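Please put together the full structure from these sequences, using the hints given.
What follows is the residue order along each chain.
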Amino acid sequence: MATPTLEKQPAADTGHLVTVTFRIRRFDPERSADAYWQDFELRIDPKERVLDGLHQIKWEHDGSLTFRRSCAHGICGSDAMRINGKNRLACKVLIKDIADVKDGVGTKPVVIEAMKGMTVLKDLIVDMDPFFQAYRDMMPFLITSGNEPTRERRQSPRDRERFDDTTKCILCAACTSSCPVFWNDGQYFGPAAIVNAHRFIFDSRDEGGEQRLEILNDRDGVWRCRTIFNCTDACPRGIQVTKAIQEVKQALITRRF
Amino acid sequence: MAIDTNGSSPSGYGPDHPAPVIEPPRARTRRTPRTTRTNFEMYGWLFMRVSGILLVVLVITHLMIQLVLDGGVSKVSFAFVAGRWASPFWQAWDLIMLWLAMLHGGLGLRTIINDYAQRDGTRFWLKMLLYTATVFTVLLGTLVIFTFDPNIS
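Protein sequence lines correspond, in order, to chains A and B. Those letters in the first sequence? Residues 1 to 257, by the numbering used here. Those letters in the second sequence? Residues 1 to 153, by the numbering used here.
A portion of the hints provided could be inaccurate.
A few chain B residues that face chain A, going by a derived Cβ cut-off under 10 angstroms, partial list only [unchecked claim]:
1) 19
2) 36
3) 38
4) 42
5) 84
6) 85
7) 87
8) 115
9) 123
For the record, the hints were derived by calculation from the structure and aren't laboratory data. Computed from a prediction, not measured in an experiment: that's the story for all the values here. Ideal Cβ placement from N, Cα and C applies to all residues, glycine included.
Okay, structure coming up:
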């Protein structure tokens, strides 16, 4: 298309490669107001990841394909997208696990689209600002009172264990954009923000838990959670997201009674 | 293929004539309602759980008496209802069941409207309709239970 792509020499040994179709939802506001589906047929190693397939498309077929990725190893959380209808990190999904390869041919296309519930800017890139706004609303930093200690703030292993699960969040937005309540009007804070609030609410060193609980007690807080479990299913870090939300609900109830 | 820089893309947008900026619909703006700092949502959530458990007992017993036991639905008549409501126990039972069921259902529908209504106007008017219907039904039912006259002609 418009952007030049690399001229690449085909590799000599291609016996292990399979043919897989990537069906990608394209959107470019400078070309058309409508999104459309485009198929790409790739020769790719089935042990490669979906992100490698996207790279192959961008580098060898269509340089205008746009997506986010930074570390490409499941740490940064840039490349969350909807793969075969589920929010996944493109760098953590293997071709062989989703393309249903038989006799060197993928029998099912790999359907890739941008995450739901957020404004698509181009192709697979969505506007993450509302997502990060909800995160900022949780005050994701240590809040304390009194004099600062001269040494580090000590914590027992047991106290650390209490919120260990929610420290793993990489803010990829896979959970929040898989939440049907968030899809509707986007005012719900969403699982990711609650997970990051949970990380501080249950931290024994933090003293801002009351403020965070107050924020989450409101109209768009934890009470809009319907325990759909889409977030837990989507989380690439295996965080028990719904459990964390339930623990915040429990904290809110025990705070009153 | 070279990068097209003379702005002749099919839609007419280019570097000198950029496409309009799409406002994110989910941003928190000045029109976003302020926090309420009440526990209404929490009490609503708790009420749904508690009333749900109570309603399982109340409604299943009610259905058994009305529809299954002692001849089934064919026995239900004015006299049957009058006989049951002669006892304050069944009056109280039906009153509690009416209130819990209507508030439980009303709160549940409020949740559904909040989740599914796309525009603020639609949401507001659907909820007003819901509240009106709920209040009307609860008041009418309560009135009937308390003023029921078995000797009405």
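### Task
Verify the interface restraint on residue 85/B: the C-beta must sit less than 10 angstroms from at least one C-beta of chain A.
violated, 36 angstroms
### Message
Let's test the interface hint: is any C-beta of chain A closer than 10 angstroms to that of residue 123/B?
### Response
holds, 9 angstroms
### Query
Close enough to count: is the Cβ of residue 19/B nearer than 10 angstroms to one in chain A?
holds, 5 angstroms
### Interface hint outcome for residue 42/B [beta carbon to chain A under 10 angstroms]
Where the cut-off is 10 angstroms and the nearest Cβ of chain A is about 6 angstroms from residue 42/B, the hint holds.
### Task
Have a go at the residue 84/B hint: is there a Cβ in chain A nearer than 10 angstroms to its own Cβ?
With a minimum Cβ separation of about 36 angstroms from chain A (threshold 10 angstroms), the hint on residue 84/B is violated.
#### Entry: Interface hint for residue 36/B, Cβ within 10 angstroms of any Cβ on chain A
holds, 6 angstroms
### Query
Against chain A, is residue 38/B within 10 angstroms by beta-carbon distance?
Given a least distance of 8 angstroms, the restraint on residue 38/B holds.
### Message
The hint names residue 87/B as touching chain A; please verify it with the least Cβ-Cβ distance against 10 angstroms.
### Response
violated, 35 angstroms
### Restraint outcome when residue 115/B is required to lie within 10 angstroms of chain A by C-beta distance
Hint holds; residue 115/B Cβ to chain A Cβ min 5 angstroms, cut 10 angstroms.
Hints 5, 6 and 7 from the list above are not met by this structure, while the remaining hints are.
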